[in-house]
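Asks: Protein chains in written order, with my numbering: chain Z, 1 to 336; chain A, 337 to 672; chain V, 673 to 1008; chain S, 1009 to 1344.
Note that these hints are calculated values from the structure, not bench results.
Treat the hints with caution; some may be incorrect.
Stretch by stretch, here's where chain A covers chain Z in the computed footprint (C-beta under 8 Å, at least three residues) [as the list claims (entries may be wrong)]:
#1 11-17
#2 149-155
#3 222-231
In this text, a Cβ means the ideal position worked out from N, Cα and C, and glycines have one as well.
Number of protein chains: 4
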Amino acid sequence: MGRVVGVGVVGLGRIGIVHSEIFALRVENAKLVAVCDCREHIARSIGEKYGIKWYADYEKMLKDKDLDAVVICTPTFLHADMIIRAAEEGKHILTEKPMTVTVDEAKKVIKAVEKAGVKLQVAYMRRFDYAYSKAKKSIDEGKIGKPLLFIGLARDPAPPPGWAADPKKSGGIFLDMLSHDFDMARWLMSAEITEVYVRGGAYLYEEIREKGDLDVVSISFSFDNGAMGYIHGSRKSTYGYDLRTEVYGTEGTIFIGCSSDPMFSLGTRDGITYSGIAWFAGRFYEAYIAEDKHFIECILEDKKPLVNGIDGLRAVQIAEAAWKSFKERKPVKIEY
Amino acid sequence: MGRVVGVGVVGLGRIGIVHSEIFALRVENAKLVAVCDCREHIARSIGEKYGIKWYADYEKMLKDKDLDAVVICTPTFLHADMIIRAAEEGKHILTEKPMTVTVDEAKKVIKAVEKAGVKLQVAYMRRFDYAYSKAKKSIDEGKIGKPLLFIGLARDPAPPPGWAADPKKSGGIFLDMLSHDFDMARWLMSAEITEVYVRGGAYLYEEIREKGDLDVVSISFSFDNGAMGYIHGSRKSTYGYDLRTEVYGTEGTIFIGCSSDPMFSLGTRDGITYSGIAWFAGRFYEAYIAEDKHFIECILEDKKPLVNGIDGLRAVQIAEAAWKSFKERKPVKIEY
Amino acid sequence: MGRVVGVGVVGLGRIGIVHSEIFALRVENAKLVAVCDCREHIARSIGEKYGIKWYADYEKMLKDKDLDAVVICTPTFLHADMIIRAAEEGKHILTEKPMTVTVDEAKKVIKAVEKAGVKLQVAYMRRFDYAYSKAKKSIDEGKIGKPLLFIGLARDPAPPPGWAADPKKSGGIFLDMLSHDFDMARWLMSAEITEVYVRGGAYLYEEIREKGDLDVVSISFSFDNGAMGYIHGSRKSTYGYDLRTEVYGTEGTIFIGCSSDPMFSLGTRDGITYSGIAWFAGRFYEAYIAEDKHFIECILEDKKPLVNGIDGLRAVQIAEAAWKSFKERKPVKIEY
Amino acid sequence: MGRVVGVGVVGLGRIGIVHSEIFALRVENAKLVAVCDCREHIARSIGEKYGIKWYADYEKMLKDKDLDAVVICTPTFLHADMIIRAAEEGKHILTEKPMTVTVDEAKKVIKAVEKAGVKLQVAYMRRFDYAYSKAKKSIDEGKIGKPLLFIGLARDPAPPPGWAADPKKSGGIFLDMLSHDFDMARWLMSAEITEVYVRGGAYLYEEIREKGDLDVVSISFSFDNGAMGYIHGSRKSTYGYDLRTEVYGTEGTIFIGCSSDPMFSLGTRDGITYSGIAWFAGRFYEAYIAEDKHFIECILEDKKPLVNGIDGLRAVQIAEAAWKSFKERKPVKIEY
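With the rest of the complex left out, here is chain Z:
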């Protein structure tokens, strides 16, 4: 397989830098050929670090003949247009999650991608994490019997920075943060979410309240196969990043994640104290690598990405229903 996929990364924030590094160094048959950020000095700095082309203008990068694929790491509200333009230019697309802010956008994206016949992968990287993958495999093999209940608990150590603090740009907590958990729920349970009921509020941060987002939420839901689900998310965790997922089945239970790092503890008169888990980039770095490799593999072997446009759409639909449930204070059904 001598072909090498030329990759360009657009949006050089925290996660764009991670993808750049990975495509530059860790993915066989891929070559990072360009990076792009409207903040020219950042684009240049990363471009020079890897000795590759850099752009401040996305349209220009799209015209680059060396590019086979783009990785879209810009703020969420820019995704739809950028994916559509990339598709029109015949580039394969790996887009950071969530795919779009609205369901309408998501549907347009899917149409454009289908029309262009390019690959579209949505970066729900937990699907490539070793622990979540093991969970999926165990469930599919029947290790816990029939899965009946999904529980997801997610606490970030800090509120979203920059544009992500604005729910109009990010989709707010349901989309920006918890769409990961919606995706895990659908994937691990092999079922679609049909009704959500949300409780929540802006309990922690004045800024979040002002912008109309929420910071602590509690979501119960149903699946179309009769199973049940619950997700709790918070934008604050004093003891560290806390991400736990549990799937209860007729014959067993799977536990993923943990609240503290067992590698160091100190026993004194106060008891035994553990540190919290490091932030997600540390927890999921290997998953990002696997995700990026999968994208290249799908392009080269003409396979359907594990997380595709429909998965991207579903997450947006669920988040939209969650917002509706929160605002109307009642359970909301989701029609697909």
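On the provided structure of chain Z, position chains A, V and S as indicated by the hints.
Replies: Below, chains A, V and S alone, put in the same frame as chain Z:
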């Protein structure tokens, strides 16, 4: 304090035997003077074991002059009448949970007890468990800031035996099993539950389905102070008794309970395997002792029990609302 | 099996009270008929609590016709004489560990017991603990292949109180505290200890130094089947009772015990903090019950106790060798 | 600080590839300029991957003007000569551990490095691990009072491959594997090891026995400040890489490492099963990065490496004493 409280236990099933043993041996200023069970041979056997009086007829035991207090451990549907009769006879009452099957009964019980001026304590023993007590104390001291979310996960290793399998007699899963968790939610959060939304079903046992009870449920709820809650209960846990409670606050989180016993594990090619936790009587034996001591103390020092008639009523009200929510498939508000 | 064994407990300190309670209430076919302590008021108090005979004079109790067996819970240096006298009076004996202070005494005890034809059980109660029992069973079933290494870590929260602080009366740290671990080493590995090498000192408590005992020790040793061992003991543990045992085999490893109680933890900016484990009486209460039941069973069914005089002797021999190694600062071989 | 250190890596086995990757991509102010391996095709392959020079001849690489520093990752028995030659050529040296096979070699190396005035760092990367660093900091800050006992348990999932299976080339288990633990013992306790007593054997692998190495060992030792130590090492762990370290002090205990990965577990009728920890390269990848950064920093800022020639020598001295103790079956003192 030379006075000694004469105690009679009625209902010598699993939990009646625990209370008998404790009052016989472990509570100062209390004396087990009689036991009662309609199954005469059982009453006699326990009575002889401790060298005390035994009755097959509750009414006769109530007339016993040596009795200052009764401990009611009979099936739930018998509680209301037995509490009321004990109150009428001027006996203090420690009743096993739940206090009654219906809200109407609960209200009658409270009136009868008030009229008689006797003590009534409801046996939600988790309030006397060292771990839950520590949680309560930590929360009240502000260690986690303002509590925002209560999570309770409860999985029993096996379905309820005997009469408890009949929801008409036991109140079903919400009352028989999860009223413990409702009580913990109210107590730890220092707030009342105002709305519940239930999902669930009889997924596991044919017998439970036939009798009209549920075996796996998922309950989201709100508190009157704006906080949120979630409780999951199941009548099956292949790996052992699994009871975990978590309270998330603005400044920290409290974790109570665990899924496995760390005392023994075996590392082989399969990984490292832990056993589950033993059944609740082992987990909470010390709590039962503390509960029984508290009851005697309340009698002797004329104090209000930590878990009183109102607490008993609240649990029944919440369970009743949970059943309504399940049947009507919508959130149900609770008026107090 | 209608026969009931009449039991008398001598020495009503911490552990004597535990055995009294258990024989009074928890062992079928046994009846606590008398207690004895040279501190008359203590003997009377316990005797009255259970409504049984009490003695201040051991010789008088030994003459009690209702006694079939004695449980010796006096200070260690009194054991040898008391065991021998009990044997001479034809009483079966359950003696607290260690059996004696010296090897000479231990040998005399064994002879006396053999001559009298009574049962002698030594109270290494860990053999009856569920976790250690499971370890023994797993090892014997070959779950970890051939065991190659025994590791025992034992930290008490506080120094020994009263007479136990005097190594002449207690045998010091090797006998009073770590003979439990020597016994576990022999039992779990099904092998005898043949050479010990000790490092240690009185690092923590001035009183221990003055009395000639040690408070932190590190002991490496060999077994007669080629396996290896290590035991560390300390008389101080700020975070709680810490007892862990590990057996490494060719195909797996068994882990017993843990340093902290997983039932409660608090997550804050400082991390997640667990409490230590409660003191041994809590950890091993069920083991004491099983041990006492075993003793009665051995008497009634004429079986050899699981922990007999030879086991008692071995522990004293190893401890004696440990003291010799410490004093001579070299490895010491043990001849049996 | 515009200067950039040109680095050449020699020995492109498992660990050489790790260092190459890190120097190529992750260390500011460093530039991987060449790689070298006597297996020409491997050198070429890595060289081409990074677009840098490659050599099959170490002497030639040493003459490369672009090289300021070499990273020596060849088999241990080649280290001494290669370090000395690098020093003679004025190159700074980061050598993989252990520094040399013999004490004589180690002393020659130190002299040569001193004479040349170059930096020498020995790659005991645990010193750069976050958990071990936190332990060091906590101990030095007095969090556990005065440290009294060091315990190190180390189990590799598999025997050493290739040349490392030959103790003449690798120094055997004490040097090749456990010198990490000796280094941790010295560093965390801030003390020198003065006497070792070894038990052990070739229990597991026929090949190890034939080559004269050991596969399971148990080592007790003393420090020059009166503290004590114990290290156990094994070349087999069925459940995964198991590395735990514990430092017990007068006021507390530090625990580092754990036997299983808490990120995934499966609860079934068999209990709750965790997987073991991944192999050391995963556990310590970040430590390797920090180590390599430190090396560059020491060169550019003319600082003394945290792990220098004396540390390298000490580890060899302790390992040599361990071998002597094993062979002579007695404690061996170490003179420095």
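Asks: Does each hint hold? Answer for all of them.
Replies: Status of each hint after checking the structure:
| no. | hint | verdict |
| --- | --- | --- |
| 1 | 11-17 | violated (count 0) |
| 2 | 149-155 | holds (count 4) |
| 3 | 222-231 | holds (count 5) |
In summary, the one numbered hint that this structure violates is 1.
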